[in-house]
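Colleague: Please model the complete structure; the sequences and the hints are all you need to start from.
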Amino acid sequence: MTTPKDKPMRILTIAGLWPDSTRPNHGIFVENRLSRVQATGEASIRVLTPVPWFPFRGARWGEYAKFAAVPDRETRGAITADHPRYLMLPKIGARGQPDAVYRSLSRRARRLIREEGAFDLVDAQYFYPEGPAAARLADELDLPLVVTARGSDVSEIPLVHPFARRRILETAARAERIVTVAAALKSALVDLGAEGAKIRVLRNGVDLEAFRPPEDRAKARARWGIEGDAPLLVSVGALVERKGHHLTLEALAGLPGARLLVAGAGPEKAALEAQIKALGLEGRARLLGPVPHKDLALLYGAAEASILASSREGWANVLLESMACGAPAVATRVWGAPEVVAAPEAGRLAPERSAASIRSAVADLLAAPPDRAATRAYAERFSWEETVSGTLAVLREAIAARADLKAA
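Under the numbering used here, the final residue of the sequence shown carries the number 433; numbering is consecutive throughout.
No lab work stands behind these hints: they were computed from the structure. It is possible that some hints are incorrect.
[Claimed, not checked] Here are the simulated lysine-lysine pairs, BS3-like style, with alpha carbons at most 30 Å apart:
| # | residue 1 | residue 2 |
| --- | --- | --- |
| 1 | 431 | 211 |
| 2 | 91 | 32 |
| 3 | 223 | 32 |
| 4 | 431 | 32 |
| 5 | 91 | 244 |
| 6 | 431 | 223 |
| 7 | 431 | 91 |
| 8 | 294 | 244 |
| 9 | 431 | 319 |
| 10 | 223 | 211 |
| 11 | 319 | 294 |
[Said to hold, decoys possible] Have a look at the derived ranges for each label pair, beta carbon to beta carbon:
| # | residue 1 | residue 2 | range |
| --- | --- | --- | --- |
| 12 | 97 | 307 | 38 to 48 Å |
| 13 | 243 | 399 | 44 to 54 Å |
| 14 | 319 | 406 | 33 to 43 Å |
| 15 | 138 | 393 | 55 to 65 Å |
| 16 | 248 | 378 | 48 to 58 Å |
Remember, predicted model here, so these are calculated numbers, not experimental data. By construction, the Cβ of each residue, glycine as well, lies at the ideal position given by its N, Cα and C atoms.
Modeller: In structure tokens form, the structure reads like this:
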């Protein structure tokens with residue numbers, strides 16, 4: 026049985042990565058994709074974003090206090106998200122996390138069905154812990170399941186935690202369809218033991234209206250306090266080790282005259298500030314803190330290049346966003362990065378994840394920069410249209426496959 030053509034598919038999306046009023050940039054790439062899917066009128070998406078329960082909001086509790094401040098229900102654009110709470114024990118709860126998430130999802134899903142009606146499909150936007158929890162929920166509601174792999178959920182977690190690997194493979198077997206945002210992640214799943222025939226690669230796109238070259242680059246540079254013609258580099262991402270900002274700072278030390286702006290927040294802030302002082306980069310490197318997503322275009326547009334020194338990435342949206350603003354990218358050669366930086370006008374790939382390799386790639390790019398219009402044209406090949414139509418096709422396929430299974 027499939028949904029009628031004139032009736033949108035009712036999709037219950039489970040997304041731990043989803044922005045809210047306390048973390049407006051958190052998982053915004055998931056929201057960007059699903060908002061465009063919903064805008065077609067062919068799918069009606071309702072989101073459940075499970076949040077760890079925490080009782081205190083005071084600043085002394087750091088990142089955990091943000092969980093307490095997340096609203097129970099919030100509408101952004103045309104999509105409403107509920108934030109059911111689950112119990113998570115820090116540092117020791119990873120093994121039981123999928124089951125704790127499932128219990129919170131089950132209660133809230135039942136409530137939504139009573140209030141708003143039944144769903145046609147369960148859609149998990151990450152493989153662990155959301156995937157196993159969504160699989161149990163799909164079994165409970167007797168619905169088809171689609172799961173998306175986005176990066177470390179299949180490239181790292183199953184390699185570090187054997188118990189997670191088992192649950193991920195069980196989820197992959199249960200899912201009618203699987204989506205990966207890069208071909209490299211599909212290969213990783215197949216290597217783990219997932220069935221390749223049910224996997225579809227649907228890379229992320231870039232918002233070509235929101236991310237475009239500035240009308241006046243001089244004004245854009247002045248907005249960030251950059252004077253003269255010094256080359257400006259930007260690095261956008263959470264201040265965590267895997268994003269490699271420390272390597273970018275070390276590389277900057279060997280690039281005389283270049284400036285670096287780092288946009289993001291996270292636990293490595295104090296260490297990065299200390300590194301800036303230790304390397305004598307106070308006048309050349311600055312941590313901007315979190316920059317609103319809507320302001321990133323002006324940051325990229327002011328830069329000669331953006332740098333992403335990650336140890337792992339599925340499909341890094343920041344690379345395409347930078348290119349769409351005319352700034353080529355330098356990225357480490359990990360996972361989906363070679364699929365994004367795949368032409369000279371897109372930028373350069375650092376062969377190794379080291380400061381020396383990053384410095385060499387940046388120096389090469391600055392010595393022979395591509396035409397910014399060509400970089401923009403490269404990004405235009407990655408609009409959302411193909412991804413949105415592919416996503417709708419996957420949802421329909423999953424619903425049809427489940428119906429066929431029941432009829433057999």
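Colleague: Looking back at the hints listed earlier, which ones does the structure fail to meet?
Modeller: 2, 5, 7, 9, 13, 14 and 16
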